[in-house]
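*Asks:* Take a look at the letters that make up each chain.
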Amino acid sequence: MESPDTFTLLPIQMDPASKAISATGPSSNALTTELKALNALHKSLLGVDTPTGTPPPPVPVNPKRSAQIGKLRESGNASFRKGDHVNAIRMYTLAIEMALGRPGWEPSGLVREEVSGLLSNRAQANMAQQNWGEGAVDAEASVEMQKGNNAKAWWRRGRCLVEMGRIDEAESWVKQALEVQSTEQDLLSLREEIEKRKAGK
Amino acid sequence: MWPFDAIDWVMLLVPFAYITVLVGSLFVFLGIYRRRKAVKAASLEPWFPPHLQRNVYLSLLHMENPKVPDSILKAALLRRATEDIHRIVQIRNAKQALQVLLQRGSVGDDLWQRFQRAEKEIEEELRDVVTEANAFAPNWGQTIFQSASEMAQNTHIRDRLTEILATAPSEKEWWEKRKATIQSDFMKELDDEKSPRREGHVAKGSDDDAVIVEAGGPADKAGKGKKKKGKH
Numbered sequence: 001m002e003s004p005d006t007f008t009l010l011p012i013q014m015d016p017a018s019k020a021i022s023a024t025g026p027s028s029n030a031l032t033t034e035l036k037a038l039n040a041l042h043k044s045l046l047g048v049d050t051p052t053g054t055p056p057p058p059v060p061v062n063p064k065r066s067a068q069i070g071k072l073r074e075s076g077n078a079s080f081r082k083g084d085h086v087n088a089i090r091m092y093t094l095a096i097e098m099a100l101g102r103p104g105w106e107p108s109g110l111v112r113e114e115v116s117g118l119l120s121n122r123a124q125a126n127m128a129q130q131n132w133g134e135g136a137v138d139a140e141a142s143v144e145m146q147k148g149n150n151a152k153a154w155w156r157r158g159r160c161l162v163e164m165g166r167i168d169e170a171e172s173w174v175k176q177a178l179e180v181q182s183t184e185q186d187l188l189s190l191r192e193e194i195e196k197r198k199a200g201k
Numbered sequence: 001m002w003p004f005d006a007i008d009w010v011m012l013l014v015p016f017a018y019i020t021v022l023v024g025s026l027f028v029f030l031g032i033y034r035r036r037k038a039v040k041a042a043s044l045e046p047w048f049p050p051h052l053q054r055n056v057y058l059s060l061l062h063m064e065n066p067k068v069p070d071s072i073l074k075a076a077l078l079r080r081a082t083e084d085i086h087r088i089v090q091i092r093n094a095k096q097a098l099q100v101l102l103q104r105g106s107v108g109d110d111l112w113q114r115f116q117r118a119e120k121e122i123e124e125e126l127r128d129v130v131t132e133a134n135a136f137a138p139n140w141g142q143t144i145f146q147s148a149s150e151m152a153q154n155t156h157i158r159d160r161l162t163e164i165l166a167t168a169p170s171e172k173e174w175w176e177k178r179k180a181t182i183q184s185d186f187m188k189e190l191d192d193e194k195s196p197r198r199e200g201h202v203a204k205g206s207d208d209d210a211v212i213v214e215a216g217g218p219a220d221k222a223g224k225g226k227k228k229k230g231k232h
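Chains as they are written, first to last, in the UniProt record's numbering: chain U, 1 to 201; chain R, 1 to 232.
It is possible that part of the hints are untrue.
Claimed, not checked - Label pairs and their calculated CB-CB ranges:
#1 G105/R - L9/U: 51 to 61 Å
#2 S172/U - E124/R: 40 to 50 Å
#3 R92/R - S172/U: 28 to 38 Å
As the list claims (entries may be wrong) - Among chain U residues calculated to face chain R with C-beta under 7 Å, some are:
#4 I12
#5 E34
#6 T54
#7 P57
#8 E140
Calculated directly from the structure, the hints in this document are not laboratory data.
Even for Gly, the Cβ is constructed at its ideal location relative to N, Cα and C.
Please take these sequences and the hints and turn them into a complete structure.
*Replies:* Rendered as structure tokens:
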């Protein structure tokens, strides 16, 4: 880093009409990526409705988006109960996109929670259609978002792996799961099943 | 006056001149030594690469024709704060480990000096960002780093998620292929069981046997898989 009172003047320019910043002449890859991120952030900052045009502090969350996500999740759940799994997956996917579309300065913990629940639900809908591959990936992503208090997602990936016949993978996965959720009954019985299948093989 | 008459001023000047020269040269050497040390410290490789976001921000700030609107500057400042968050995290993580290594003598003094310089720089940098933020909007300085840290986290989450979800198509394909093989193996096994062994073709028969043996493993699994699926 340069000393506090100097900086490197970069070859950049602004398009007067679109206000987009771009590099002049040949530029490094890093600069191009950075400017792209900057322009994207600028666009989302323009949508902020604070009087100063600065992002609001993280804590009071804009309730509009949360409500929309909740609505999509509810309709996904309703479809799932009716047995319309394809539609349920569509709804969950929309809700996930919506949750990931939150502006960057909103609390990341909230995004984790929402996305993890939605992914877990989508995994369930995938499993109901015997799409074990997608189900396993969704459940894994859900666990990645939230490790603790997410026993269902842990179990779902384990189940999918067993169904696909990847017993060894399932075994180590369930072992990991039990380190986090040691008392979960479903996981314990899944482990028993895996052990039985390994012994029977 | 008595005491002053008795002093030989010229002779007294000698020890004073001696002391002056001594002290003077001491300070000169001290100055040179300090300067050298500073040059050496400055010539050490910086801890962090150039701060791209800071450069972008300051370049935009100094753009005259046309002037960059405030909204872009705010976005650039936020990007800069986000990069600062990454750096603070790195510094904090490195500090403990580095201290231990230094005590054990596993790393040189140079590294520690570089680290301390980086630490000082990042402090300056944070103060600078807060001042700039407060210039854009009153009290933004208090929340800009909160926002920046959430932004860093959010980017991290999205990256991880994209990475994991990108494996979905290949997983799906793998399972579909696998399902197809299991099914065809299963069907073959059924066919083999049904069709009576043709007589007279000993060579052919043994060939069939080989196929059955080969298919035994996966077909066995397929049987189990079918059972499981029935339960669901």
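*Asks:* Output the numbers, in ascending order, of every earlier hint that fails for this structure.
*Replies:* Violated: hint 1 alone.
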